[in-house]
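Trainee: Protein chains in written order, with the working numbering: chain G, 1 to 481; chain C, 1 to 458.
Misleading hints may appear alongside valid ones.
[Claimed, not checked] Dumping the calculated BS3-like pairs for lysine-lysine here, alpha-carbon to alpha-carbon at most 30 Å:
| hint | chain 1 | residue 1 | chain 2 | residue 2 |
| --- | --- | --- | --- | --- |
| 1 | C | K362 | C | K324 |
| 2 | G | K136 | G | K57 |
| 3 | G | K433 | G | K386 |
| 4 | G | K273 | G | K433 |
| 5 | C | K237 | G | K273 |
| 6 | C | K271 | G | K136 |
| 7 | C | K48 | G | K91 |
| 8 | C | K83 | G | K57 |
| 9 | G | K413 | G | K433 |
| 10 | G | K273 | C | K48 |
[Claimed, not checked] Derived contacts from chain G toward chain C, CB cut-off under 10 Å, selection only:
| hint | residue |
| --- | --- |
| 11 | S14 |
| 12 | D18 |
| 13 | C82 |
| 14 | R155 |
| 15 | D398 |
| 16 | A469 |
| 17 | T472 |
[As the list claims (entries may be wrong)] Computed footprint of chain G on chain C, listed as stretches where at least three residues anywhere in the stretch have a Cβ under 8 Å from a Cβ of chain G:
| hint | segment |
| --- | --- |
| 18 | 190-202 |
| 19 | 265-273 |
| 20 | 390-400 |
These are computed hints drawn from the structure, not numbers from a lab. If you're wondering where the values come from, they're calculated on a predicted model, not measured in any experiment. Note that CB positions come from ideal geometry on N, CA and C, so glycine has one too.
One letter stands for each residue in the lines below.
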Amino acid sequence: MTARYHAPFAEQGSHSIDADIANRLLRIALRKGGDYADLFFEYSVSGSYVYDEQILKSARRAVSMGLGVRVMKGDATGYAYCEDFSFDAMKQAAETAAQIAAGGRPLAPLDVSMREIPDRYPVPAESLDVEGEAKKVMLERADRAARASDSRVVRVDASFAESMREILIANSLGHMARDRQPLIRFGVRVIAEDGGNRQSGSSGGGGRVGLDYFDTKTPEAHAEQAVQQALIMLDAREAPAGEMDVVLGPGDSGILLHEAVGHGLEADFNRKKTSNYSDRVGEAVASELCTVVDDASLHGSRGSINVDDEGQLPTRAVLIEQGVLNGYMQDRHSADFFGTSPDGHGRRQSFRSHPMPRMTNTMLLEGSDAPDDIIRSVKRGVYAKKFGGGQVDISNGDFVFSLTEGYLIEDGKVTAPLKGVNLIGNGPDAMRKVVMLGHDFEVSDGIWTCGKEGQSVPVGVGCPTIKIAALTVGGTQTAGG
Amino acid sequence: MTNAEQEAKALLELGHSVVERATSAGADVAEAGMHSGSHLSAKVRMGKPELVEEAGSRALGLRVMVGNRVASTYTSDLSEAGKRTLIEDALELARLSESDAFAGPPDPSELSSPAQWHDLDAFDEAVSGISADEALERALQGERAAFEFDPRVSNSEGASFTRARGVSALVTSGGFVGSDYGTYASMVVNPVADDEGGKKRSGYHWTAARHYADLEESQAVGEEAARRTIAQLGAKKLPTQELPVVFDKDAARSILGLFASCILGGSIWRKSSYLVDRVGSRVASDLVDVVDDPLLARAPGSRAFDGEGLLSRRNTVVESGILKSYLLDTYSARKLGLKSTGSAARSPSGGVSPSSSNLILKASTQSRDELVADTRHGLYVTGMMGFGFNAVTGDFSRGASGFLIQDGALSHPVSEVTISLNLDQLLQRIDAVANDLDHRTAIASPTFRVSSMTLAGS
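So here's chain G without its partners, still in its complex pose (with noise of 0.2 Å):
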């Protein structure tokens, strides 16, 4: 590999970390008493340009390393790293984690030997080894084409970031993998002015991908649909505020499900009888058309890994299936207490957190609705096209959504496009309400980012066009709208 930044972990580096000496650390991990051990080395380096005003105006890079050392005993984790990979440093971060199970007894780890893993995302290039020049002129090309796009356009602003997340994982069950994690996000963003009256708009998308992105998705087409959704919005009235039916479009809308479902499912709140799907296995949680997974695998997606943050190998768990409750996301500390076995959904931010339950690719499998027929069955609603972000109570699965792009719908026509929409509702119950499915499934692109506990992974998601009999849509509109 030619790649210009190499972790000083990785088997030429100046650092390398081999099974020996993974093991002699684990076993220093585990000598108070410790029953499981694991060794997390992270090697991570961003970059981001932004394209403002015509220019490139700012061009930036990071580069952060280390070596996190979790230790368990029972429900109890001990936790410490350290920024440099000197044996001494190592050792004491390991002494340090080791402390929670002071006065315990010594366990040996196991062995680790490497694990071999899936080939998600093959780059034909990592995009920090691509020079700068190619990246500065994909941003160049959205912003002319913005620019060129309408008179309206008063501003036009495009980045681009980069990364390459290189990992190696060792733990006391034996378990070694590495794995090189590249993401990439472009977007464009447009601000629009008519007579007074400003509105922004905005488009964006990446993944585990190259360069090759732009292939398939082009800066101009970004630039297109950030003014199409800056221009419709200068258009936009008072959204209408109260109960109604609520149709939500493919692709961007599966963040709902990410949030209103997806959260309440990973098993850690599950443990801890914090959520509301807590001890509701094999029980009906929604209506018989949903079936929701957690994928993984997907080839190239913002969401995929190869490995987990703890060494599992993730793949698809089906979570809910024709509306039963079919189980939750484990990460390992969650499968020993439900005595199942972890299924790759241990992820952390970086070596300086510790490993949660999170989600990958979440999805809404399709149904068999036309997407037509869903719109015209509706009297009178709220179309969800592009969502801001969301939000959600885990304990009782409230959630609230705003809208970037939203209309009405009436007599069976998607008419006005609306300002200022949020949705609001509660999971399980917008769950049970979902009585049409459309056939026309889509994955994101790749622009979203999860937070929990203070934590942020990248994750993928995905829907057909969904229909929500009656949520709460917040606008300003009482009587009438």
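Since the structure of chain G is provided, determine the placement of chain C on it from the hints.
Mentor: Then chain C, alone, in the frame of chain G:
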């Protein structure tokens, strides 16, 4: 010399050497910001330790300019190879960037020096001395207090205690040399109670301070967390309507935070704020005064100098409802033809942009209870959810929870509703401000009331 002073000295030496190497490699301007810190965090759940985390870290952010071309780099790899990559990458990226006429460091005459800096009392040796056992014990006390407060508290998301200390330093080729250090301790308790229909209600309360002695007692934090959790039991929707809305100080702070994002110089020249061209005009009711004060002793957002080395100063942002000033760094000031307000913040990764320090909506004289008693019918908001705010237009719509106010008293809890009103109008409709301001957070507000908003519910 204390440990913190020694660490500051080591960071300054690192900074001097990197700035020197970057300038001799071809940078016309080089600015190195160094951070180091250590923290301990302890979490308990259901009366047992769940997590003890302890670590230290050190990193360097570099901003360089070649002519008017700007780039920044960051590394936590402080080996010789790591520093070489940091400097080489910065120069390579600067040469890729394009000339920006407004870029450049502040004029040397604007830089501050140690004799001018205020002592902000941000460091407490007692915080660094807190052991893992002590931290676990404080968290256990807090969680226990929540369970003992009310039998309806049936579960827990846990309780955590964290202590941290940090040292930062800045060295610039323009001649600024400065360092700063501080401590921080915090505790949070997060109880859970069972509600009707299989729903659960999760609530929390927290305390945080730069000095150990200023933290609220664990017992009191646990009890308040339990009180807040229990108070939500039986929450229901309200019918869609227009009504007065009282924001308690936590919710009010969140509203002020949205306003804060709209007064930063970067949002103004980018036209990404509804407050473009509004200095001198009315942006809030005449009951509203807002200041940005970086010089408050022991406050979380205080700083003696800003991220470019300028002397920190108190800025009046809103006076009797009239917008007096944006918050500016050198770059945004040049873009707008104004002077920096000493509001630059330098991110660990090397970038510089304006930020608020302690942004405070001034307290009035009446108590929170008097304000509620003066409201016949309304919504009392204690929590908000979601991201429904458009800074370009000011459109605001978020999920809200809290209590119905009936005849001047809090009645049943409310959830699953949204409240909406453009922020410009929301601030202009503030018709009462209470006196319950505290400085626990860098953006802080007392309870206030908005005369009318749209509530969407059933």
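Trainee: Sort out which numbered hints this structure fails and list those numbers smallest first.
Mentor: The structure conflicts with hints 12 and 16, although it agrees with all the remaining ones.
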